[in-house]
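Novice: Could you slot chains B and C onto chain A? The hints should help.
Protein chains in written order, with the working numbering: chain A, 1 to 340; chain B, 1 to 595; chain C, 1 to 297.
I should point out that these hints are in silico values taken from the structure, not numbers from a laboratory. It is possible that some hints are incorrect.
[Unchecked claim] Straight-line alpha carbon distances no greater than 16 Å define the calculated EDC-like cross-link-like pairs of lysine to aspartate or glutamate that follow:
(1) C/Lys273 - A/Asp322
(2) C/Lys232 - C/Glu150
(3) C/Lys192 - A/Asp195
(4) C/Lys192 - A/Glu273
(5) C/Lys174 - C/Glu150
(6) B/Lys545 - B/Asp465
(7) B/Lys105 - A/Glu66
(8) B/Lys200 - A/Asp74
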Amino acid sequence: MKKRGVGLACIYFGMGNTAKPNPSSAYVELLEDGSCLVRCGAADLGQGSDTVLVQIAAMALGLKPEVVFIESADTLTTPEAGMSSASRQTYVSGNAVRIAAEKVKEIILTQAEDDLEARGEDLVIFDGVVYVQGAPDSGITVEQICRNLRSRGILTSAWGSFNPPTPEMLDQETGAGIPYGAYSYAAQAVEVEVDTETGEFDVVRVIAAHDVGKAVNPMGVEGQIEGGVIMGLGYGTMEELVYKDGQLSTTGFGTYLLPTALDAPPVVPIIVEEPEPTGPFGAKGTGEPPACPTAAALLNAIYDAVGVNITSLPVTAEKVYDGLRALEKDRNAMDQNGSR
Amino acid sequence: MLWSNWIECPMNETTITFSVNNVTRTVAVSEDALLLEILRDDLKLTGTKEGCGNGECGACTVLIDGQPVASCIYPAKAIHGRSVETIEGLGGQNRLHPLQSWFLKLGAIQCGFCTPGLLMTCKSFLDRNPNPTPEDVKEAITGNLCRCTGYTKIVKAVLSAAAELRGETPDAPQDPPGCPPVGRSLIRVDGLPKVLGTAKFAADISRADMLHAAMVVSPYPHARILSIDPGAALAMSGVHSVITGHDIPGEILYGVNVRDQPFLAREVVRYAGEPVAIVVAETRRLARLAVKEVQVTYQELPAVFDPRVAMSPDAVKVHDNGNVLLYRKMRKGNIDKGFAEADVVVERSFTTQSVDHAYIEPEAALAYWDGDMLVVECCSQGPHYLRHEIARMLKSPISRIRVIQATTGAGFGGKIDLLLQHFVALGTYLTGRPVKMVWSREESLRTSTKRHAFYLQYTFGATGDGRLTAAKAEIIGNTGAYASFGPAVLTRSATMALGPYDCPNVWVDSYAVYTNTPIAGAMRGFGAPQMSPCHEPLMDEIGRKCGLSAVEVRRINMVRPGSSTVTQQVLETGVGALETLERVSSYLPSREMEG
Amino acid sequence: MRWQNYHVMSSVPELLESLGQLDGRGRVVAGGTDLIVRLKETDMPSQPLTLLDVTRIDAMRGIKHIGDEIHIGAATSISEISTSRLVGLRARALAQGAGWLGSPQIRTVATIGGNVVNALPAADTSVPLVALGAHARIVSARGERTLPVEDLFRSVGESVIDPTREVVTYFIIKTDAAPCGASAMTRMAKRKAFTLPVLSVAVRIELDIPGDRFRAVRIVAAPVAPVPWRAKRAEEAISGREISIRSIREAAALASEDAKPGSSLRGGAAYRKDMVAVLVRRALLDALEQLDRVPHE
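If we strip away everything but chain A, and leave its shape as in the complex, we get (with noise of 0.2 Å):
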């Protein structure tokens, strides 16, 4: 028989280091073409931080994403960001790039009241073009005010940096303090149907609502969510590494397993934009809360189901064929006393 069942979990996850200073800093460069180069030591390792501090930095600085490129993690040519974990690259570095393109912003406004007899509370900087509020046709390129700044001897580029406010470390006898600047949400349910007589399980669906506070790329916020929801699937049941005596049993993909295509349920991906107001744009950090809910929403998941309570992980079907024979010993034991 199959039966169906759903789990919920939530989580929250602290961004960057816990209680303490992760700093990051970041060089902004504006170009006499308009053009702008980002140089930060932060790694993208495929999570997309490259293509975050390109945006937050064309968004601080009024420019089409188009025209601004970088260069990230070279020790020799990037300034330090620190590491790409504790889901702090668009938190942190995203700061410091902000810190520094507004810089270069302040320089662009300055000149901008010069050359468009304004005061820089009225201008607006947006697709390259700065302008007084409401009178986009009579603008001025960053471009011509890059080149008219160059011609008095004053250069478009700046430094940011940032470091998450975690000002307290934790007591050591109580752990009170401020360990993360900010935390980021989430909720997961994922739906399963169990083979009663197997004990095998489908993972039918995956709902996932993760509070990013603003989501700098969506599309690349649902990859974080899509993916971490399978990593943590692969978690919850199939991913083990077996040692004996210290001994490694599981030494290829032939016997650690990860989740291939057929073994990814659809996965609805939900953004909820809740701002930080520390964050960039109120952004937060997403890289690994989608990874930390989804086993636990599977546990749940299976007892809704048919009422086993899983004890470790992975969940295999072979446990909860255990777990769905212990259960009926039980009954019958029940059924027995209760007849006598």
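Specialist: Chains B and C in isolation, oriented as in the chain A frame:
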């Protein structure tokens, strides 16, 4: 047959002729070469990747006569007279194949390492099946493991490419009109080289006069190194040197949280798979063969594998100062009072397993001199940290070391620590020549860091209406042979122990414990994925006991602005916890979730 | 050195001559998806072999319908078998097994001959071939012989076939013929694709002419023994019985009782033993469904 005899029977060379991307090539190959080696090493077509070497991941997929094959286990000589298609032939910068353009447009690429193999599999599949269902696509790509995307966007991209190839115009995602740069689903800026196969991962980079390095690792989980005899290895023609920990000019130990790990083991090995010597030779295969000839004499020591055992005072000591690396306490309110106020008390014991990051790109690095600057190009999650450690090891000014992150085939926390970057740096420092090292999948699984296995014991108390009054957790994390991020992971676990719930009385004891197992370090979630399997089933159980649905019991306890966390941090703004719960619950059948 | 030389053979006589000349130092290779991995791993075998590739020998390739038999060349790729309409209709368990083997990349090059001679007990084509009662045609310098596939397995990874002296050229399968014959395979694994099974069961059934009794049944389970294992007591018990939930359950229980699986990374012995009963029943019902003869509770 002994090596000395074996070397006298010369390896036969022969030529094969085959078509590569519609160009006929004649290549001299050794009789025992594999197709992937010919493509990558001889023809310099490095778009095809090696992810596992056993035909188990699909990164090396090329098409032979239109059909997908694993080129890493395909004998080169069997290719004679056949036609091979690789990623380099799929499309060019200005004439992308629809698969390439849809992978870009729909975000089907993250790290890009599995991408070339996937694209080739999909090309062959769409040639045969122009009108597939999503299930057909999933079936077709089961041989291509992707660790980043979760496959969803890949399947969508293949379906869209199929539609375009059929002459249809599939919808591309549109940003809202007037959307500023933040909020746009911009195509990833590093995407194009990844779909073209031109992105250079560390294993794809070569330098003139380059040597190759391979590791000798400990077969024992705990042993004393009595001697290392490189004689037989050095006697092999083409073997350049055998490097041990005694060749290190500077500091001996490194570590991101605690400096307890030898750059290269000298006296004691503490896990099976720990590097003890580095062989440098003219080719990668030769270096690996010579590894087997390095004679290391060990004295086996008693070992401890279970952190609960390792915590006892009379257990085998992994390190001299004892096995408890970290003991972190969280004390909030009054736990006894909290349980006294509880109408419902629920308990849970749980264990979690050790897992691997299993990025499809195995670790790789290359070092060389650029004037007086020692350059390391490598996979990395943070080049500045690596620079610092390498400088310490070589007793060099930090400014004279340059670490460049090559395109990195994902990390998930596993490519933060110094893994092999110091081995190539040391190789170049000692030989003067460029040195490259690429791990096999087995080496990656044996030697790299892992996710901590946890032993958890939880007790929650709640009032009859489902409000948490007390939360107690004991967390024991197996941190393995060296600290890596162990203290940080178990600290984060303690701060996240309760989940996103407000509870006035909390007691958490968290331990990171050394054992003679591989190093547990950083991995996506960093101590949080182990906790939710405890706090979430307990929330459900409280709900059941109090007659509340899974959603209701969470709604009652969820943190809000003004709530205080385990560390007594008061959350003020940006607290979207309830919103995530409500959004998920709106998808669920009300029957199940709302009681 | 992984191997000394690699030669692509063009005919069976050429192969036999090469095997003869190499006198034990030559070895037949087909797709190589297992053998190449093993040799690559070792990279310095004490006795380097010369590999003789049989995948281009026309006489060893292809799927033919001859009378009431299907002949499948031993060097036929698994993907060809899994997608063959003929095999799908007339030796269905084999098509199912072939479809589960490895990944698309592996199925492109792996062959049925290699899969069988490799002699892993739960090989995805061995299990259905034994259930189907298939025979193997074997050629060596001493001549040709035909053996039941069932008799080709000595123990885990050890075949009766000596690949340094002889070669399986093709397999002979008597077709499942409706309305009375059908076959089916069921399988459990830790992942939905590209992995070895926790347990596999293949069955072939033949019904009597009115179609209400089992005339002959073959039931194979793996890995529950060092070789693909026939549940003979279950087969005997059900043959001749009426088609009913009861007869099927009894046979499944007997199979489970007799199976002696071990524990491995993929599954525990007790679990596997219990699952034999479930999979045998499901395979029998699946085969009956092909004939539209599923009994009602």
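Novice: Against the structure shown, which of the earlier numbered hints fail to hold, in ascending order?
Specialist: 4
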